[in-house]
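Colleague: Sequence:
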Amino acid sequence: MNSHYGLLDDSLQNHFSKAKTPPEMLKFIKKYVIYSENESKRGRHLFLIGNPLEKYSNYKLEMKEFNTKCLSFLINTATSSKNPKWSSESQAYLGVAYELGLFGLEPNGKNAFSYYSVAAQQNNEDGTFRVGQCYEKGIGRKQNISNAIYFYRCSAKLGSIFGLHTYGSILLRGELDTPSDFDTGLFYLKLATKKTDESYPYTYYDLGQIYESRTNVFEVEPDDDYAFRLYEKGANLNCPNSQYRLARAYETGELFQKVNMKISIEYYFKSANNGQIDAQYALSRYLFIGIENVLEQDLKNAYLYALKAASRGQGEAAFTVGEFIETGCGTKKRELLALWWYTISSNFGNKKGQSKMANLRYEVNMKDDGSKRGSIFCCL
3 MNSHYGLLDD SLQNHFSKAK TPPEMLKFIK KYVIYSENES KRGRHLFLIG
53 NPLEKYSNYK LEMKEFNTKC LSFLINTATS SKNPKWSSES QAYLGVAYEL
103 GLFGLEPNGK NAFSYYSVAA QQNNEDGTFR VGQCYEKGIG RKQNISNAIY
153 FYRCSAKLGS IFGLHTYGSI LLRGELDTPS DFDTGLFYLK LATKKTDESY
203 PYTYYDLGQI YESRTNVFEV EPDDDYAFRL YEKGANLNCP NSQYRLARAY
253 ETGELFQKVN MKISIEYYFK SANNGQIDAQ YALSRYLFIG IENVLEQDLK
303 NAYLYALKAA SRGQGEAAFT VGEFIETGCG TKKRELLALW WYTISSNFGN
353 KKGQSKMANL RYEVNMKDDG SKRGSIFCCL
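Its first residue numbered 3, the sequence shown is counted upward by one per residue in this note's numbering.
Any given hint could be a false lead.
With a cut-off of at most 25 Å between alpha-carbon atoms, the simulated DMTMM-like pairs for lysine to aspartate or glutamate come out as follows [unchecked claim]:
1) 66 to 11
2) 334 to 298
3) 235 to 12
With beta-carbon atoms standing in for the labels, derived distance ranges [as the list claims (entries may be wrong)]:
4) 351 to 37: 24 to 34 Å
5) 124 to 201: 37 to 47 Å
6) 336 to 219: 39 to 49 Å
7) 296 to 179: 44 to 54 Å
8) 22 to 64: 14 to 24 Å
9) 296 to 78: 49 to 59 Å
10) 302 to 149: 43 to 53 Å
11) 182 to 238: 24 to 34 Å
Derived from the structure by calculation, the hints contain no laboratory data. From a predicted model like this one, the values you see are computed outputs, not experimental measurements. Don't be surprised by glycine CBs; every beta carbon is placed ideally from N, CA and C.
Build the full structure now, drawing on both the sequences and the hints.
Modeller: Given below as structure tokens:
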């Protein structure tokens, strides 16, 4: 995944332009790494609307300068800084750069593991956590779950929010062949919430799930009011899952809330724009029908939000995109493209997609739709 400085949001671009000192640069790079990982998980770079060359060509110089400045800073700080904290942080971020392919580097798991290991030897909390991830996922090293657990525990004890959250969750659920230990897991998860901020807002949602009666399967008394307050804290820090849960609560009256569609839609927009696919699909449905005195009907955006969710694997959304395209609702009518989306929906296990795919394929074949040119391959 290459770095696209020109495509960063305004907050990151502003942060980068103001970062002059080593602490400021390290703080920016931490924020950028989290942003890059989230973008990778959301799959935004797998799907583009329009011509990407037109969009990216204006940013070539900026991207090159951005990559050079960040990479040079990390290398110089890692090798020459007399401040051990700055040096170890830079080692860890160089590891991330090699793992994800940031700052113009080619992904290289062995190099990533090497940098993480050096950072861990200097007691860097995030480098230690990343070593654990490498052992869990087999990045640059053979998979070794016991080593992964060891380094997750070490990173948690060093105070890494990633380590606290991950190790706590493993103990709570008995994951990775680890015996469940609810009390210790809850202790670590609560410690993680104390370090939670906008750069990593996800811990409140997981803690809320423990206390919510609908999802409670743990050794703790359900408390929906407390769960709601935890979701509010996460939502205020831009956690997409917390925002989605609040949208649902205000939509249905769950968690002791009065139904309020105006507030619900506001949270659906926030969650959807932060990449939550179920929120994107729900918002698409509401934009399609509109809500009196709350939300105007908007067929184009209904299609686009469904498209966002579908492009990241939401089966119902893929079916809906097929319907939009087949009927020309909010977008151009194209039967072959609709058939493609119904096929995608079917591959996700959507039974309606299977039926639509078969029917539309028959109709298209009857019309003999598509290119009239013969294949250039004589054997096909």
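Colleague: Would you mind marking each hint as holding or not holding in the structure?
Modeller: Evaluation of the provided hints:
1. 66 to 11: holds (17 Å)
2. 334 to 298: holds (21 Å)
3. 235 to 12: Between residue 235 and residue 12 the Cα gap is close to 24 Å, so the pair holds against 25 Å.
4. 351 to 37: 24 to 34 Å: For residue 351 and residue 37 the Cβ distance comes to about 32 Å; the hint holds.
5. 124 to 201: 37 to 47 Å: Roughly 22 Å apart at Cβ, these two residues miss the hinted range, so it is violated.
6. 336 to 219: 39 to 49 Å: holds (45 Å)
7. 296 to 179: 44 to 54 Å: holds (49 Å)
8. 22 to 64: 14 to 24 Å: holds (18 Å)
9. 296 to 78: 49 to 59 Å: Holds: the Cβ-Cβ distance is about 54 Å, inside 49 to 59 Å.
10. 302 to 149: 43 to 53 Å: holds (51 Å)
11. 182 to 238: 24 to 34 Å: Given about 31 Å between the Cβ atoms, the range holds.
Hint violations for this structure: number 5 only, all remaining hints satisfied.
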